[in-house]
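Residue numbers (the working numbering), protein chains in the order written: chain A, 71 to 165; chain Y, 565 to 764.
No wet-lab data here; the hints were simulated from the structure. Note that the structure is predicted; figures quoted are calculated from it, not measured. Check the hints yourself; a few may be wrong.
Which chain A residues stay away from chain Y? Per the calculated CB distances, all over 12 Å, these [claimed, not checked]: (1) I102; (2) P104; (3) S159.
Result set (SDA-like, lysine to any residue): computed pairs, CA atoms no more than 20 Å apart in a straight line [what the hints assert, rightly or not]: (4) Y:K686 - Y:W620; (5) A:K107 - Y:P621; (6) A:K107 - Y:K589; (7) A:K107 - A:L91; (8) Y:K589 - Y:W733; (9) Y:K589 - A:L144; (10) Y:K679 - Y:L714; (11) Y:K589 - A:I73; (12) A:K107 - Y:Y610; (13) Y:K679 - Y:I612; (14) Y:K589 - A:A143; (15) Y:K679 - Y:V629; (16) A:K107 - Y:F764; (17) Y:K679 - Y:G715; (18) Y:K589 - A:I142; (19) Y:K679 - Y:H689; (20) Y:K589 - A:Q133; (21) Y:K589 - A:H131; (22) A:K107 - Y:R614; (23) A:K107 - Y:S616; (24) Y:K589 - A:L132; (25) Y:K589 - Y:E599; (26) Y:K589 - Y:L721; (27) Y:K679 - Y:I607; (28) Y:K679 - Y:C701; (29) Y:K589 - A:A140; (30) Y:K589 - A:P146; (31) Y:K589 - A:L91; (32) Y:K679 - Y:E657; (33) Y:K589 - A:V145; (34) A:K107 - Y:H689; (35) Y:K589 - Y:A651; (36) A:K107 - Y:E624; (37) Y:K679 - Y:M631.
We treat Cβ as the ideally placed atom computed from N, Cα and C, and that holds for glycine.
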Amino acid sequence: MQISQRTYVVIGIWLAGLMLLGVVLSEASGGILPLPKWGIVTIVLGLSTVKAGLVALYYMHLQSDQRVLAWIALVPFVLIALALGVVFSSAFVRL
Amino acid sequence: MAHAHAAPAGTMHGVSTSTGVPNGKLGMWLFLASEVMFFTGLIGAYIILRMSHPQWPGPEGHLNVGMGTINTLLLIGSSVTIVLALAASQREEISSARGWLLLTALLGSGFLVIKGIEYSAKLSHHIVPGTNIFWACYYTLTGFHGLHVLGGILFNLFVLSRTASASVWADQRHRLELAGLYWHFVDIVWIFLFPLLYLF
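So that you can see chain A by itself, here it is in the shape it has in the complex (with noise of 0.2 Å):
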């Protein structure tokens, strides 16, 4: 499927819009936003993720290409979901 390059342009907005709230909330925490510190950190690492999202679903094209391709791209997240259960059931196992 062609991605119009309207698209494209309306999708870099929006990839500089969500980078730009990020910053915006960063600097108001422990301000205006009643939210405590972990709560912004997570904010702004999901809208990081949503913007990572973008990037492969449009501009590398998994969305339309072939499905072997996002099975790849897949690939490594469960082998590091693996590491991290590893990481941190050994902080609650002492041999």
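Go by the hints and put chain Y onto chain A.
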């Protein structure tokens, strides 16, 4: 022994494939998967060090959020320009594609120039990787990322140099898609590095 189920080698849109996915694209995605593991290892180490450190030193006012924001905008802009280069290439508008590609390389170079200015400012204040754990992480993460940006710029310029004429472009344009995939990956890494290092 004959492999009865092996897909025959052939071509797809003028590029070779053995799997239904162009070989170059499949190779690039496998490479990027390994790169995800590489940067996740580094970023994961940073997060674990930070969470387990009783008194995280932080940048202590030595990181300029404005410069980091401009750099992020440069990389986002360069992702737009390289995808527009690919779209122009698919429409057979070669000079437009080359123009967008050149602009991508320039925006990437701008990112490195700003990063160089930041590095020199730190070094002039005697802030080096050995200063404390934060700066060790900062130089490691941004250093490896910067090397990847440099690699991406060289890749883009290589594609640009190999596509000077229309006849060569028809044969080489698939490389533009590979350069784009790599460039977008570099952008995604920075999308996470920027808030982790500059904002918190």
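Tested hints:
Under the 12 Å C-beta cut-off, the non-interface status given to A:I102 relative to chain Y holds; the minimum distance is some 16 Å. The Cβ of A:P104 sits about 18 Å from the closest Cβ of chain Y, beyond the 12 Å cut-off, so the non-interface label holds. Against chain Y, the non-interface label of A:S159 holds: every CB pair exceeds 12 Å, the least being about 14 Å. Of the supplied pair hints, the one linking Y:K686 and Y:W620 holds, its CA atoms being roughly 19 Å apart against a limit of 20 Å.
Annotation: proposed proximity of A:K107 to Y:P621 holds, straight-line Cα distance about 17 Å (limit 20 Å). For the given pair, A:K107 sits about 41 Å from Y:K589 by alpha-carbon distance, which is inconsistent with the 20 Å threshold. Among the hinted pairs, A:K107 with A:L91 is consistent with the structure: their alpha-carbon atoms are about 16 Å apart, no more than 20 Å. The suggested pairing of Y:K589 with Y:W733 holds, with an alpha-carbon distance near 17 Å, which does not exceed 20 Å.
At roughly 16 Å between alpha-carbon atoms, Y:K589 and A:L144 fall within 20 Å of each other, so this suggested pair holds. For the hint pairing Y:K679 with Y:L714, the CA-to-CA distance comes to about 12 Å; that is within 20 Å, so the pair holds. Between the alpha carbons of Y:K589 and A:I73 the distance comes to roughly 19 Å, so the proposed pair stays at or under 20 Å and holds. Taking the CA atoms of A:K107 and Y:Y610, the gap is about 18 Å. The hint holds against a cut of 20 Å.
Between Y:K679 and Y:I612, the direct Cα distance comes to roughly 25 Å. Violation of the 20 Å bound is thereby established for this hinted pair. Taken as a hint, the Y:K589 and A:A143 pair is honoured in the structure, with Cα atoms around 12 Å apart against an allowance of 20 Å. With a CA separation close to 12 Å, the supplied pair Y:K679 and Y:V629 stays within the 20 Å bound. Note on A:K107 and Y:F764: the hinted pairing holds, with a Cα-Cα distance of about 9 Å set against a maximum of 20 Å.
In summary, the hint linking Y:K679 to Y:G715 is supported, as the alpha carbons are separated by about 15 Å, within the 20 Å threshold. Using a Cα cut-off of 20 Å, the hinted pair Y:K589 and A:I142 holds, with the two alpha carbons roughly 11 Å apart. Taking the CA atoms of Y:K679 and Y:H689, the gap is near 16 Å; set against the 20 Å cutoff, the hint holds. A threshold of 20 Å between alpha carbons decides the hint, and for Y:K589 with A:Q133 the separation of about 15 Å falls inside it, so the pair holds.
Restraint check: the Cα-Cα separation between Y:K589 and A:H131 comes to about 12 Å, which is no more than 20 Å; the hinted pair holds. Taking the CA atoms of A:K107 and Y:R614, the gap is near 14 Å; set against the 20 Å cutoff, the hint holds. Note on A:K107 and Y:S616: the hinted pairing holds, with a Cα-Cα distance of about 17 Å set against a maximum of 20 Å. Only pairs whose Cα atoms come within 20 Å are accepted, and Y:K589 paired with A:L132 is accepted, the gap being roughly 12 Å.
Distance restraint check for Y:K589 and Y:E599: the Cα-Cα separation of roughly 15 Å lies within the 20 Å cut-off, and the hinted pair is therefore satisfied. For the proposed pair Y:K589 and Y:L721, the alpha carbon gap of about 19 Å is at most 20 Å, so the pair holds. For the hint linking Y:K679 to Y:I607, the alpha-carbon distance of about 19 Å falls within 20 Å, and the restraint holds. With a C-alpha separation of about 15 Å, the suggested pair Y:K679 and Y:C701 falls inside the 20 Å cut-off, and the hint holds.
For the hint linking Y:K589 to A:A140, the alpha-carbon distance of about 12 Å falls within 20 Å, and the restraint holds. As the CA atoms of Y:K589 and A:P146 are separated by approximately 17 Å, the hinted pair is consistent with the 20 Å bound. For a cut-off of 20 Å, the pair hint linking Y:K589 to A:L91 is broken: about 34 Å separates their Cα positions. Simply put, Y:K679 and Y:E657 have alpha-carbon atoms about 33 Å apart, too far for the 20 Å limit, and the pair is violated.
The hinted pair formed by Y:K589 and A:V145 meets the criterion: a straight-line CA distance of about 16 Å does not exceed 20 Å. Distance restraint check for A:K107 and Y:H689: the Cα-Cα separation of roughly 29 Å exceeds the 20 Å cut-off, and the hinted pair is therefore not satisfied. Proposed proximity of Y:K589 and Y:A651 is supported: the alpha carbons are some 17 Å apart, at most 20 Å. For the hint pairing A:K107 with Y:E624, the CA-to-CA distance comes to about 17 Å; that is within 20 Å, so the pair holds.
With a C-alpha separation of about 9 Å, the suggested pairing of Y:K679 with Y:M631 holds against the 20 Å cut-off.
The structure is inconsistent with the numbered hints 6, 13, 31, 32, 34, although it conforms to all the rest.
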